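Participant: Now for the letters of each chain:
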Amino acid sequence: MVDKRNMKANFINDSKGEIIFGYIVNILMGICILGALYPLIYVISASLSSGISVDRGQVFLWPVEFTLGAYEYLFSDNAFWISFANSVFYMLAGTVYCMFVSVTVAYVMSRKTFIFNKSINFFILFTMWLSAGTIPRYLNYINLGMSDSRIAMIIGFGVSAFNIILIRNYFDSLPKELIEAATMDGATEAQILRKIYIPLSAPILATVSLFYALASWNSWFWYSLLIKSESKQPLQIVLRRLLLYSAENIDDTSNEIINIVAGAHNDTTIKYAIMVLSLIPVLIVYPYVQKHFTKGITLGGVKS
Amino acid sequence: MVNKAVEPMKRKSKDKIKKYNRFSKIKDSLKNQRLLYFLALPAIIYYIVFHYLPFYGLQIAFKDYSTFRGILDSPWNGIDNFRYIFAGPGRMMFLRALRNTFIINAYSLIFAFPIPIVLALLFNEIRGNIFRKIAQTALYLPRFISELVVAGFVINLLSPDTGVINNILVSLNIIDEPIYFMIMPQYYRFIYIASGVWKNAGYDSIIYFAALLGISPSLYEAAKVDGANKFHVMMNITLPGIAPTIVIMFILRIGRLLRIGFEKTILLYQPQTYEVADVLGSYIYRIGLQGANQLDIAAAAGLFEAVVAVTLVFIANRLSRKLGGTSLW
Chain W
1 MVDKRNMKAN FINDSKGEII FGYIVNILMG ICILGALYPL IYVISASLSS
51 GISVDRGQVF LWPVEFTLGA YEYLFSDNAF WISFANSVFY MLAGTVYCMF
101 VSVTVAYVMS RKTFIFNKSI NFFILFTMWL SAGTIPRYLN YINLGMSDSR
151 IAMIIGFGVS AFNIILIRNY FDSLPKELIE AATMDGATEA QILRKIYIPL
201 SAPILATVSL FYALASWNSW FWYSLLIKSE SKQPLQIVLR RLLLYSAENI
251 DDTSNEIINI VAGAHNDTTI KYAIMVLSLI PVLIVYPYVQ KHFTKGITLG
301 GVKS
Chain L
1 MVNKAVEPMK RKSKDKIKKY NRFSKIKDSL KNQRLLYFLA LPAIIYYIVF
51 HYLPFYGLQI AFKDYSTFRG ILDSPWNGID NFRYIFAGPG RMMFLRALRN
101 TFIINAYSLI FAFPIPIVLA LLFNEIRGNI FRKIAQTALY LPRFISELVV
151 AGFVINLLSP DTGVINNILV SLNIIDEPIY FMIMPQYYRF IYIASGVWKN
201 AGYDSIIYFA ALLGISPSLY EAAKVDGANK FHVMMNITLP GIAPTIVIMF
251 ILRIGRLLRI GFEKTILLYQ PQTYEVADVL GSYIYRIGLQ GANQLDIAAA
301 AGLFEAVVAV TLVFIANRLS RKLGGTSLW
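Residue numbers (my numbering), protein chains in the order written: chain W, 1 to 304; chain L, 1 to 329.
Treat the hints with care, as some may be off.
[Unchecked claim] With the C-beta cut set under 8 Å, the calculated list includes, among others, these residues of chain L facing chain W:
| no. | residue |
| --- | --- |
| 1 | 50 |
| 2 | 58 |
| 3 | 89 |
| 4 | 125 |
| 5 | 156 |
| 6 | 158 |
| 7 | 160 |
| 8 | 285 |
[Unchecked claim] Below, simulated DSSO-like cross-link-like pairs (lysine-lysine); rule was C-alpha separation at most 30 Å, straight line:
| no. | chain 1 | residue 1 | chain 2 | residue 2 |
| --- | --- | --- | --- | --- |
| 9 | W | 195 | L | 31 |
| 10 | W | 16 | L | 133 |
| 11 | W | 118 | L | 25 |
| 12 | L | 25 | W | 176 |
| 13 | W | 112 | L | 322 |
| 14 | L | 133 | W | 291 |
It is worth saying that the hints were derived from the structure and are not from the lab.
Bear in mind that the values here come from a model prediction, so they are computed numbers and not experimental data.
We treat Cβ as the ideally placed atom computed from N, Cα and C, and that holds for glycine.
Build out the structure end to end from the sequences listed, making use of the hints.
Facilitator: What follows is the structure, encoded as C-alpha cells:
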C-alpha cells in the first residue's frame with residue numbers, strides 16, 4: 001500500500017510546525033513499538049539469564065550472565081517433549097480438519113445457484129451470535145464421550161464461522177466469467193472447486209490455515225476441561241499449571257513437571273523459557289500471516 | 001388438449017405453483033448439484049453436533065440437575081435456579097459478576113476503544129513507509145500471542161519478588177517496597193484492560209487504517225492549497241472520513257456489553273480480587289466446573305447472559321442500520 005499522499009507531501013515545503021509534528025508522531029510511534037515488544041524482549045532475555053540474576057532483578061533488557069541452562073533443562077525433560085509433540089499434533093491435524101470443513105462449506109455458500117445457499121449461510125452465521133454457553137457445551141462433549149481423547153479434541157473444536165466467511169468472501173470475489181465458462185464446457189462441481197476455486201484462492205487459504213494453526217496452538221481452555229491424562233496434554237496446559245503454581249494458587253500439583261520445577265533452583269527462568277518456546281511457532285508463522293491478513297480483515301470485516 | 005391441461009394450472013393459487021417450483025428445483029439440484037450437498041455435509045454435521053446440540057442441554061437451567069441422573073431424567077424445578085441467582089443465596093455473587101461485566105466493559109469502551117483509532121491516525125501520519133511497516137508489524141504481533149502467555153507476562157512482570165516492573169519502580173525510587181499488584185483490587189481492572197489493549201489495540205486499528213486509506217487524496221490536496229494546518233485537516237477531513245467506521249465499531253461493542261473474554265479473567269484473578277474481577281463467564285466457570293459443580297445454576301446464569309447478549313446485538317444492529325446505514329445482517 002503505497003501512500004500517494006505522503007509522496008506528494010514531500011514535494012511541498014514543510015512548515016516548521018509540520019516538521020515538529022512529524023517528530024512527535026515518530027516519537028509516539030517509537031514508544032508504542034517499545035511497549036508492544038518490551039514484554040517479549042524481557043521474557044526472552046530473562047529466559048537466557050541465570051536464575052540468580054533474574055531473581056535479584058538485574059535483568060531489564062539484555063540477558064545477564066548468559067546461559068542456556070533453562071532450555072537445556074527443558075530439552076532433557078520428557079514431560080516437556082511429550083506436551084510439545086502433542087501441541088504440534090493437535091495443531092497440524094486440527095488445521096487440516098478445520099480447513100477441510102471450512103473450504104467445502106465456503107464453496108457451497110458461494111455458489112449462488114444452489115437452492116439452499118441462503119439457508120446454509122444463515123445456519124453458519126447464526127452460531128456467531130448465539131451459542132448455548134459453556135456449561136451446555138461442556139455437558140454435550142461429556143455426553144458424546146469426548147473426554148480425554150486426542151481425536152475428540154481435533155474433530156470437536158476449532159472450526160470458525162468467521163474464517164468460513166473470510167473464505168466465502170474471497171470465493172465470491174473470483175471472476176464469475178471463469179466459472180460460467182467452465183460450466184459451459186461441462187466441468188463438474190468437483191472440477192470447478194479443485195481446478196478453479198482452490199488454485200485461485202491460494203492467498204486466503206494460506207492465511208486462514210495459519211489462523212487455524214495459531215488458534216489451535218494457542219488454545220487451552222477446553223483442553224484443561226477435557227484432557228485429564230498428562231500424556232495427552234498440550235504445551236499450553238503445562239504452561240498454565242506453571243502459572244497457577246507461580247500465582248500461589250495450587251489446585252493440582254500432580255503434574256510431574258511442576259514438581260521438578262518447584263525443586264529446581266532456577267524455576268523462574270524455566271517458566272520464561274517455556275513461554276518463549278510456546279511463542280516460537282507464533283513468531284515463525286507471524287510474518288506470513290501478516291502479509292495477508294490486512295486484506296482479509298478489510299475484505300471480510302464488518303460486513304458479512 | 002393442451003389448453004385444457006393448462007387451465008386448471010392457472011386457477012391454482014400462486015403459493016402452490018411456488019411450492020411446486022421449489023420442489024422441482026430441489027429435485028433438479030439433487031440431480032445436478034449432488035456434490036454440493038456432500039460438500040456442505042461436514043460443516044453441517046460439525047455445527048449440528050457441536051453448536052446446535054448443546055442447546056438441548058440448556059434445559060438443565062430449569063432442572064435440578066444431577067450428573068447421576070443425566071440431563072433428561074433430572075427433575076424439573078421451574079425457575080428455581082433463576083430465583084437462586086436473582087433473589088436467593090446466590091444473589092450476591094451473581095449480581096457482582098453482572099456488575100463487574102458491565103463496569104469492565106464500560107471502562108474499556110471509554111478508555112480502550114479510542115486507542116486503535118489513535119494508532120490508525122498515527123500510522124497514517126508516519127512519513128516513511130518502512131518505519132510504518134515496522135510499526136505495524138510490531139503492534140499487530142501481540143494479537144497472535146495466546147491469552148495464557150499474555151497472562152504469564154502480566155503475572156511474572158508484575159510479581160513482587162522477581163517482576164521487572166517492581167524492580168524498575170523500586171530502583172527509580174518511585175516506590176519503597178515491591179507491590180503485589182495481582183492481589184490488590186484497586187489495580188486489577190486497570191491491569192485487565194491494559195493487557196487487553198496491549199494484545200488487541202494494534203490489530204484492531206487495521207479496520208480504521210483501511211478506512212483512512214479510503215479517503216480521497218484530492219481532499220488533502222485541496223486542504224493544503226487552502227492552507228489548512230494539521231489540526232484542521234484532522235478535524236475536517238480525516239475524522240469525518242472514518243466516522244462511519246467508528247460508529248459501527250462502537251455499536252458493535254455495545255452489542256457485546258455482556259460478552260467478555262473470561263479466559264484471561266480465570267487466569268488473572270485471585271480470591272482477593274474476585275470483588276472487582278469476577279465477570280459472568282468466570283462466575284459460570286467457577287460455580288459450574290470448578291469445585292462447586294452447580295451446573296444447573298451455572299446454566300441458568302449462562303442462559304440469562306445469552307438472552308441479554310442477543311437482545312443487545314439486535315438493538316445494536318437496529319441502531320447501526322439507522323445511524324450508519326450498515327447492518328450485520
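Participant: Each hint should be assessed against the structure and marked as holding or not.
Facilitator: Checked hints:
no., hint, in the structure
1, 50, "6 Å, holds"
2, 58, "5 Å, holds"
3, 89, "19 Å, violated"
4, 125, "5 Å, holds"
5, 156, "7 Å, holds"
6, 158, "11 Å, violated"
7, 160, "11 Å, violated"
8, 285, "6 Å, holds"
9, W:195 - L:31, "22 Å, holds"
10, W:16 - L:133, "26 Å, holds"
11, W:118 - L:25, "15 Å, holds"
12, L:25 - W:176, "22 Å, holds"
13, W:112 - L:322, "28 Å, holds"
14, L:133 - W:291, "11 Å, holds"
In this structure, the hints that do not hold are numbers 3, 6 and 7, in rising order.
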